[in-house]
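Protein chains: 2
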Amino acid sequence: MSGGVVYLGGGTKLQTACGFEDSTEAMFDYLMASVGDGSDEAKIKLYCEGSVAHYDWLVDQGVPFKETYYYGYSGEPPTDDGLVWSGSEQVYPYCDVATPAPRGHVVAVPGPAGHKLMSSLCEKLATTQAEIALNTVCDALYQTTDGAIIGARLRTFGETRNVRALGGVIIATGGFVLNDEMLETYNPKAKDCSMRVAADGDDGSGIQMGMQAGADSLHLDKLSVSLPVTQPWSLKSGLLVNDQGQRFINEDAYYGRLGEQTLLHQNGRAWLIVDDEIYTKPEYGFELCAVGETPIELARELGLPEGALESTIDFFNEHAARGEDPLFHKREPFLMPLTKAPFGAIDCTTQNSRYAVFTLGGLATDVDGQVLDAKSRPIPGLFAAGRATSGLAVGGYSSGLSLGDGTFFGRRAGRLASERSRQV
Amino acid sequence: MSGGVVYLGGGTKLQTACGFEDSTEAMFDYLMASVGDGSDEAKIKLYCEGSVAHYDWLVDQGVPFKETYYYGYSGEPPTDDGLVWSGSEQVYPYCDVATPAPRGHVVAVPGPAGHKLMSSLCEKLATTQAEIALNTVCDALYQTTDGAIIGARLRTFGETRNVRALGGVIIATGGFVLNDEMLETYNPKAKDCSMRVAADGDDGSGIQMGMQAGADSLHLDKLSVSLPVTQPWSLKSGLLVNDQGQRFINEDAYYGRLGEQTLLHQNGRAWLIVDDEIYTKPEYGFELCAVGETPIELARELGLPEGALESTIDFFNEHAARGEDPLFHKREPFLMPLTKAPFGAIDCTTQNSRYAVFTLGGLATDVDGQVLDAKSRPIPGLFAAGRATSGLAVGGYSSGLSLGDGTFFGRRAGRLASERSRQV
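Respectively, the protein sequence lines represent chains A and B. Start counting the first sequence at 1; every next residue gets the next number (this note's numbering). Start counting the second sequence at 1; every next residue gets the next number (this note's numbering).
The hints are simulated quantities; they were obtained by calculation from the structure and are not laboratory data. A portion of the hints provided could be inaccurate.
[Claimed, not checked] Mimicking DSS-like on lysine-lysine, the simulated pairs with C-alpha atoms at most 27 Å apart in a straight line are:
#1 B:191 x A:375
#2 B:189 x B:13
#3 A:66 x A:116
#4 A:45 x B:189
#5 B:191 x A:45
#6 A:340 x A:375
#7 A:116 x A:13
#8 B:191 x B:124
#9 B:340 x B:45
#10 A:189 x B:189
#11 A:375 x B:375
#12 B:375 x A:191
#13 A:189 x B:191
[Stated by the list, open to error] To list a few chain B residues with every Cβ distance to chain A over 12 Å, as calculated:
#14 96
#15 152
#16 245
#17 315
#18 349
[What the hints assert, rightly or not] Stretch-level coverage of chain B by chain A, calculated; a stretch enters the list once three of its residues show a Cβ under 8 Å from a Cβ in chain A:
#19 185-192
#20 207-219
#21 321-330
#22 373-382
Built from N, CA and C at the ideal position, the CB exists for glycine as well.
With the hints as constraints, model all of the structure from the sequences given.
Structure below.
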């Protein structure tokens, strides 16, 4: 299901080929401003500094990227183009914080391209001496009384095998969005979302195994939530309003930000208001749920408080006509008055529309993927990477950060585990 | 610093003496609706069922409560009256969920009364055989390789003592709002608050000690945040607006709810708009930061987007004149149009006003205070109670829940630990 977008920047070959300038500093500033409170500055810094080289490494492994740019689509494009905007870099408030650049590096397959990233890396892996155990579940770790991880118990079709871990065990089992009990404990709102972005294994078992070995966990309450209602982008000209008929965000923000704000701050209750001029059929099954010849009629259809929606639209139109959005700073080319009847409301409630959710929290790790205990001391021999860890994004998500996180810090974990095995 | 309010209900002697009817069900329904997502239903159920008896127990221990009711004050009253409203029971949306009753049981001392609750219980304790070690820090737990806690290391003025724990160790060290590093990790917004409600020991060391012994933690990101701007209550007639000049809550909500919404959903940016009719000097150092003859002038002073505040006030006034608040359902007697110039804005930004914060998350425990590991199995011999645990409130706070939590579940932990010691 992965889109195959890797969030990279600082002036990669792909960015340069497409005519974009970027810097490590701008990438760092954008991420620090956008990925959520309590982020790990050391990880973000290292990631930005190593981003150009990481892109080259992916290419060296045989991951295909086409050196072309696609405008006007969030997430992976319908084409095999290589570079897209995959965050809110161009919009308020981030455009004022850091010079924007597109940083979504997309594997060269039209549509969801994660499978191609995976198969490319697997092909490369097949040329090494690594042994791969398929259809195999790790159901226990062996730990000394001093806390060090020295092995794992593996199960394959009922047969059990005990493996000595010379360098260590790396947990890379993904998040826990398929574990209802963990969601109920850490952030029940995730369960309101209609689509859980997950592979079958995203059940949190790896995270729990780490915690049982004494690992600390971080940000288990944090989610990535996408509300992809502004696709095609012309729908960014609509007005996203809440239960009170009020706007609450600049609608040109990335759909990851729209989803987060709507689910977590507006209780998953919103509608995208459009007029006849800007309306176009949205993707992903979003649907008109009310139409009216006037805003008042539309509001009545929606059951919104009398006069509230009308007041919101009037206020917006008056300023938009002057090219201004004093409340939320939506920008050109998506800033225009909505005046042409009929008016419509696209349903963006959790009940009736697509909210795509996955978890961002996980095991506490250092920049080398070493799993940390409650005192921030590494647990010897235990590593983790990807969504099984708390990584780059801890609340505010831009597409490509998970693949970036997993591959970048996974490499670092692998490198250190490998060094450790040579010391034994 | 504790106010000495205990949240109890279901028809306590004090409620009955003051002429209020209450039921276990109404108390349960209110708490389930208000204490936040991911709450522990089993704890809440037991707490409501045991609430009447718990009040009697407190009285039996010599904790004084005066059987009188005080109206019009949030938190502990200025008098020694015994019963107050200490939550949002009477206001939207909770008034529609459960029959309201005041449940703040306040120890009979004017003003902050927590010290009297503590001294009463300490006096009772002094009549038992319990040995009390003052000026003593527990800096380590002794744990068998099987995980059981069998003792503790204590330090008193440089001298170290090792204590065998027959029944167990009960961690009751409070929250972690004085630990900047933990706040940075779990919810940095707490650091924006001007007042941390804490005793010196609320540094999270007890929680960390538990986690190092393999305990799971829950809801470490959750806070109680009070914004006590609507004291005296006549200020509830004001309009709380955000950076966009929009209202975002019914202003008659409890100050714990105002604080939570403003800090966590409005980024700690708000002003309480008043007119000359309702203005009265607020308590707790809140101050007018702008005055204007018209809403437009006031908004200009505040630097709010042009026209937004005016539109908010017009909309509110039009409906309030008819006794309606279609947006947020503020209720009589605090619902009236603001029309009498001059208009003023009371500063409710985190920078310039009082936000009183403490942490709600902590060690995972069962209903008997047993500390749980990541697999929800009790760690033998390890107990916890109070704000060192994740207790009744995990996001939405009513005053008195912490003292209630600590005393109610502390008693249960003590009882089980004591039984365990007799089995040894």
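The hints, checked one at a time:
As the CA atoms of residue 191 of chain B and residue 375 of chain A are separated by approximately 21 Å, the hinted pair is consistent with the 27 Å bound. In summary, the hint linking residue 189 of chain B to residue 13 of chain B is not supported, as the alpha carbons are separated by about 40 Å, beyond the 27 Å threshold. Between residue 66 of chain A and residue 116 of chain A the alpha-carbon distance is near 13 Å, which keeps this suggested pair within the 27 Å criterion. Between residue 45 of chain A and residue 189 of chain B the alpha-carbon distance is near 22 Å, which keeps this suggested pair within the 27 Å criterion.
Among the hinted pairs, residue 191 of chain B with residue 45 of chain A is consistent with the structure: their alpha-carbon atoms are about 23 Å apart, no more than 27 Å. About 61 Å separates the Cα atoms of residue 340 of chain A and residue 375 of chain A, which puts this hinted pair outside 27 Å; it is violated. About 20 Å separates the Cα atoms of residue 116 of chain A and residue 13 of chain A, which keeps this hinted pair within 27 Å; it holds. With a C-alpha separation of about 38 Å, the suggested pair residue 191 of chain B and residue 124 of chain B falls outside the 27 Å cut-off, and the hint is violated.
Between residue 340 of chain B and residue 45 of chain B the alpha-carbon distance is near 48 Å, which puts this suggested pair outside the 27 Å criterion. Restraint check for residue 189 of chain A and residue 189 of chain B: satisfied, since their Cα atoms lie roughly 21 Å apart, inside the 27 Å limit. Restraint check for residue 375 of chain A and residue 375 of chain B: satisfied, since their Cα atoms lie roughly 20 Å apart, inside the 27 Å limit. For the suggested pair residue 375 of chain B and residue 191 of chain A, the alpha carbons sit about 21 Å apart, so the restraint of at most 27 Å is met.
The straight-line distance between the Cα atoms of residue 189 of chain A and residue 191 of chain B is roughly 25 Å, inside the 27 Å bound, and the hint therefore holds. Distance to chain A confirms residue 96 of chain B as a non-interface residue, since its nearest Cβ pair spans about 15 Å, more than 12 Å. For residue 152 of chain B, the condition that its CB be more than 12 Å from all CB atoms of chain A holds, with the nearest at approximately 17 Å. In this structure residue 245 of chain B is not separated from chain A by more than 12 Å, as the shortest Cβ-Cβ distance comes to only about 8 Å.
Against the 12 Å criterion, residue 315 of chain B falls within the reach of chain A, whose nearest CB is about 6 Å from its own CB. Listed as a non-interface residue, residue 349 of chain B keeps its Cβ farther than 12 Å from every Cβ of chain A; the least gap is roughly 17 Å. Counting residues of the region 185-192 of chain B whose CB lies closer than 8 Å to any CB of chain A gives 5, which reaches the minimum of 3, so the coverage claim holds. Here the region 207-219 of chain B counts 8 residues with a CB under 8 Å from a CB of chain A, which clears the bar of 3, and the coverage holds.
Under a criterion of three residues with beta carbons nearer than 8 Å to beta carbons of chain A, the stated coverage of the region 321-330 of chain B is upheld, 3 such residues being counted. Here the region 373-382 of chain B counts 3 residues with a CB under 8 Å from a CB of chain A, which clears the bar of 3, and the coverage holds.
Of the numbered hints listed earlier, those contradicted by the structure are 2, 6, 8, 9, 16 and 17.
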